[in-house]
Amino acid sequence: MTSISSRRLRKELSEIQTEGCPTGITLLNADNFETWYFSIEILGESLYQGEVFKLMFRFDSSYPISAPAVQFVVNQESTAPVHPHVYSNGHICASILGTEWSPVLSVSAVCVTLQSMLASCKSKERPVDNDRYVRYAPDNPKKTRFHYDDDTV
Amino acid sequence: MNNVQALLSTNIPDPSDFPMPDLRQLDASLRCTICGELYDAPITLACGHCFCSLCIREHIVKESECPSCRKSTSEGQFRTNPVLEEAVSAWKTARLTILRLSREEQDRTRRSQEEQTPRRSKTPLINGRKRKRRISSLSSDSDVVIVPGPSNSSQSVSSPVPSKSRRLRRQDMEPSSDPQEEEMVQGGQMINCPICNVSIVMGDINTHLDSGCQKNSSNTSGAATSDAKKQWSKLFLKMGKSRDNGIDVDNATERIPKASYDVLKDKQVKDLLNAHNLPILGDRKTWIARHQRWVMIFNANLDKSGSNRKNMKELRNELKNWEDNRKRRHLVDDTAIHILNNQGEFARLIAEARNSKARKDSSPTIVREHPQDDDAVVADSEEDDYPLL
Chain A
1 MTSISSRRLR KELSEIQTEG CPTGITLLNA DNFETWYFSI EILGESLYQG
51 EVFKLMFRFD SSYPISAPAV QFVVNQESTA PVHPHVYSNG HICASILGTE
101 WSPVLSVSAV CVTLQSMLAS CKSKERPVDN DRYVRYAPDN PKKTRFHYDD
151 DTV
Chain B
1 MNNVQALLST NIPDPSDFPM PDLRQLDASL RCTICGELYD APITLACGHC
51 FCSLCIREHI VKESECPSCR KSTSEGQFRT NPVLEEAVSA WKTARLTILR
101 LSREEQDRTR RSQEEQTPRR SKTPLINGRK RKRRISSLSS DSDVVIVPGP
151 SNSSQSVSSP VPSKSRRLRR QDMEPSSDPQ EEEMVQGGQM INCPICNVSI
201 VMGDINTHLD SGCQKNSSNT SGAATSDAKK QWSKLFLKMG KSRDNGIDVD
251 NATERIPKAS YDVLKDKQVK DLLNAHNLPI LGDRKTWIAR HQRWVMIFNA
301 NLDKSGSNRK NMKELRNELK NWEDNRKRRH LVDDTAIHIL NNQGEFARLI
351 AEARNSKARK DSSPTIVREH PQDDDAVVAD SEEDDYPLL
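Protein chains in written order, with the UniProt record's numbering: chain A, 1 to 153; chain B, 1 to 389.
Only chain A is shown next, with the shape it has when bound in the complex:
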């Protein structure tokens, strides 16, 4: 018996393998059906020209009914982009990863959304409550209840 979540992820993976990732996105690692890594860069005119970031997806067994936990990887090699909705620990405040998640969305759809979130950024700055949040943030961003207040960026 294979669970729905791993079957669905298997399908997404084979789609990525046959059709390829969206431009600017590369699959780095998908050895299991719990954690996947992607690299993401913004092509064309943007504040993040030449920067490459690493995204981590974590899936639980209720995927795709519940959203994956998505964050930027922060370690020696990579950092989180400086953006009003991205905390310095890599957590992302995006409604699509929380209340606005829909099971018809997919890993590549999330990547594209994050790409456009970065591409439309007008000023490179951290969220106002960054320090406070990062100090008490849980390991898993899904445990945070973000307040989505800004539709423009």
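If you are wondering where the hints come from, they were derived from the structure by calculation, not from laboratory data.
Glycine included, C-beta positions come from ideal geometry on N, C-alpha and C.
Take the hints with a grain of salt, since some may be wrong.
As the list claims (entries may be wrong) - What follows is a set of in silico ranges between Cβ atoms, one per label pair, in the way DEER data are often shown:
1. B:C69 / A:H147: 21 to 27 Å
2. A:N32 / B:K265: 42 to 48 Å
3. B:I98 / A:K122: 34 to 40 Å
4. A:K122 / B:K285: 47 to 53 Å
5. B:C69 / A:D31: 32 to 38 Å
Claimed, not checked - Covered stretches of chain A, going by a simulated chain B footprint (3 or more residues, C-beta under 8 Å):
6. 15 to 26
7. 94 to 107
Keeping the supplied structure of chain A fixed, place chain B upon it in accordance with the hints.
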């Protein structure tokens, strides 16, 4: 880990099986956008979007909106789609044939390309004959002409995309209003029960709610007979009550109403499980989860057309598999690796325990033994969906 490797190597049918983009599109259009499988008991919502019955039932527990267009929806809007169900089962059988043909076609194209390059005449005659027959049958049987040669793929990409036409059809459907909204019965307007979603005459909604969604005014006679049956089975409680109910359940065609567990006593929750011959192992939380899942599986099964429905034994097996899967999620695959990964945490806990033991020893009145502590730890971890990574 072994599990993953096994899954990666097994072939799960998927649109990407097809070499041609147009066939991939066709295969994808008959798949549920939630689970990615070919529609199983397709349900159409008022907005026209379609999902597997079980998928949309799972989703609607969390969010009462269409996953595709976010229009608000409820179980009362669910409509089965037997026509699509038939199309899917036809495609299921045709799929294998078309898959084989399209792969052969691809091989043929590739080989003929190779032949055009200087190296020739290596293919045996039998192969050539076979191929000829295949081409003729293909072009005469259907009006879809598969164009051989390298131009094939690019042509099909530029051909009109099916999703566009689907969207148009959806718009056509929108003006037609929900039939349920217009339904009027002499007792007043029909409304959906906020708990179980069964449609009820407005005047009777309070009696219905008071009865814990058991009383259904629209078919009072049916309710009366089942009530009577319950009375009898209570009377003959010692004479195999479960078997009596079992026969009833197996031929059921009525959907199970949702229960409002918060107002039910433990015994009533157990009765809900008993009524469907389900095990009453575990605690109240487990019972409720089991019953909720059962209602989903059971009702989704009724959304299939008669011949496709599973019997109660298969459904109970499905429920069991689901419970086993849920449990397995909390078990550790490789104990050695798990110990290694959590070494720090374990060391901290041991140190803490030693400290508190030392403290307890100094004040002997509190010393107690906990022989069943292991069980408690397992139950606790069930709360946490995300073990330390």
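Query raised in the report: Do at least three Cβ atoms from the region 15 to 26 of chain A come closer than 8 Å to Cβ atoms of chain B?
Result: holds (count 4)
Query raised in the report: Between B:C69 and A:D31, does the beta-carbon spacing fit 32 to 38 Å?
Result: With a Cβ separation near 35 Å, B:C69 and A:D31 satisfy 32 to 38 Å, so the hint holds.
**Report entry** Check of the region 94 to 107 of chain A against chain B for coverage (Cβ-Cβ below 8 Å, three residues minimum)
**Finding:** holds (count 3)
Query - CB-CB spacing for A:K122 and B:I98 relative to the 34 to 40 Å hint - result: violated (50 Å)
Query raised in the report: Range hint 21 to 27 Å: satisfied by the CB atoms of B:C69 and A:H147?
Result: holds (25 Å)
Query - Status of the given 42 to 48 Å range, CB of B:K265 versus CB of A:N32 - result: With Cβ atoms ~43 Å apart, the hint holds.
Query raised in the report: Between A:K122 and B:K285, does the C-beta distance stay in 47 to 53 Å?
Result: holds (48 Å)
Consistency note: the structure conflicts with earlier hint 3 alone.
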